[in-house]
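Given only the sequences and the hints, what does the whole structure look like? Please build it.
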Amino acid sequence: MAPMAELEGERAFEARLDRLFAQAPAFGDADLFTLRVSDRLNRGWSLRAGLIGALGVAGGMVGVYQALESGVFARAETVSDRYGAAIGHAVDRVLPLNIALSGLPFAGEVLWMPAVLAALAVGYAISRAIREI
Amino acid sequence: MGASMTGVSSLLAAHDVDLAALSAGGDRRAFSELVRRHGSAVRGLLRRMGADGAAADDVAQDAFLAAFEQIAEFRGEGTFQAWIKRIAARLYARRWRRQSRGRAVAEADEPQASSAADEAGAAGRLDLDAAMATLPVPERLCVALCYGAGLSHGEAADALNLPLGTVKSHVKRGLDRLRRRLAPPRGDGSGDREAGDGAHG
Chain A
1 MAPMAELEGE RAFEARLDRL FAQAPAFGDA DLFTLRVSDR LNRGWSLRAG
51 LIGALGVAGG MVGVYQALES GVFARAETVS DRYGAAIGHA VDRVLPLNIA
101 LSGLPFAGEV LWMPAVLAAL AVGYAISRAI REI
Chain B
1 MGASMTGVSS LLAAHDVDLA ALSAGGDRRA FSELVRRHGS AVRGLLRRMG
51 ADGAAADDVA QDAFLAAFEQ IAEFRGEGTF QAWIKRIAAR LYARRWRRQS
101 RGRAVAEADE PQASSAADEA GAAGRLDLDA AMATLPVPER LCVALCYGAG
151 LSHGEAADAL NLPLGTVKSH VKRGLDRLRR RLAPPRGDGS GDREAGDGAH
201 G
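Residue numbers (our numbering), protein chains in the order written: chain A, 1 to 133; chain B, 1 to 201.
For the record, the hints were derived by calculation from the structure and aren't laboratory data. None of the values given here were measured: they were computed from a predicted structure. Heads up, a few of these hints could be off.
One side only, chain B facing chain A, incomplete, derived with CB under 7 Å [as the list claims (entries may be wrong)]:
#1 Val-35
#2 Arg-36
#3 Ala-41
#4 Phe-64
#5 Leu-128
All C-beta atoms, glycine included, are put in the ideal place defined by N, C-alpha and C.
Put into structure tokens, the structure is as follows:
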């Protein structure tokens with residue numbers, strides 16, 4: 001019986017120790033501690049956001065540079081001119097009104113607007129991808 | 001779970017698991033509420049492990065920042081407090097390992113506040129913090145890791161990079177000392193203040 005009583009005593013003491021450890025002491029500067037952690041968290045977050053933004057811009061610039069290097073815009077412009085003319089002819093045939101599409105700014109300049117938007121989209125997509133990673 | 005729960009009063013009323021889910025989505029205010037709720041428990045544990053005030057606060061801050069980084073891993077299987085305590089205890093164990101590498105074992109084995117605690121023990125009942133301070137550092141760490149942070153003996157051995165048998169010996173000796181220190185004085189059967197908050201585990 002004595003060893004059993006000793007074992008029960010040990011278990012009771014361990015349970016008591018668990019309860020004592022579960023009691024959190026009160027700290028007068030608890031709010032200050034929370035503030036410090038929040039500050040460090042926000043600093044780290046801002047740094048990370050800045051880094052992600054910079055990486056996004058750099059990624060977008062690299063993407064645009066690669067696109068320019070590969071001559072994709074020149075090819076797109078050629079294709080655009082060809083299809084623009086074809087569309088113009090088709091419209092001329094379909095529409096009774098004689099609207100001169102060739103007079104509209106439907107050439108290379110127009111392509112730069114979507115190109116810039118595409119570069120921004122690429123940058124945004126890269127920054128989102130980096131953030132997800 | 002309220003993904004749209006962004007008001008301060010909502011955060012105050014929210015359950016830890018919901019706050020953790022919001023934090024996982026990048027809500028730093030929700031995480032700050034978790035820090036507010038559990039910061040003292042973590043700081044207290046680190047002090048009981050033997051860290052001085054400044055070191056305990058440094059490690060506690062690091063633990064919360066580490067917890068924010070890996071908050072998606074918290075799935076509410078245990079309590080948030082138990083989870084963050086384990087992170088903090090492991091961080092402190094690592095720090096202790098680094099610092100004690102070049103230090104003599106005999107020095108590390110010395111109790112830190114034995115004389116003061118002896119006097120207090122002679123005068124009457126000790127509280128847990130004072131009783132822990134009477135333990136030699138390895139025993140103190142092992143007891144705090146196993147009973148304060150809820151690590152198994154094996155996990156404590158890994159955290160401290162000590163053999164499992166050594167950790168078990170430290171825990172047993174530490175418990176024996178604590179039992180003597182925390183024994184109620186004769187004629188006073190009231191025991192310790194045991195208003196456990198049930199957050200452990």
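Status of each hint after checking the structure:
no.: 1; hint: Val-35; in the structure: 5 Å, holds
no.: 2; hint: Arg-36; in the structure: 5 Å, holds
no.: 3; hint: Ala-41; in the structure: 4 Å, holds
no.: 4; hint: Phe-64; in the structure: 5 Å, holds
no.: 5; hint: Leu-128; in the structure: 4 Å, holds
Every hint, counting from the list given before, is met by this structure.
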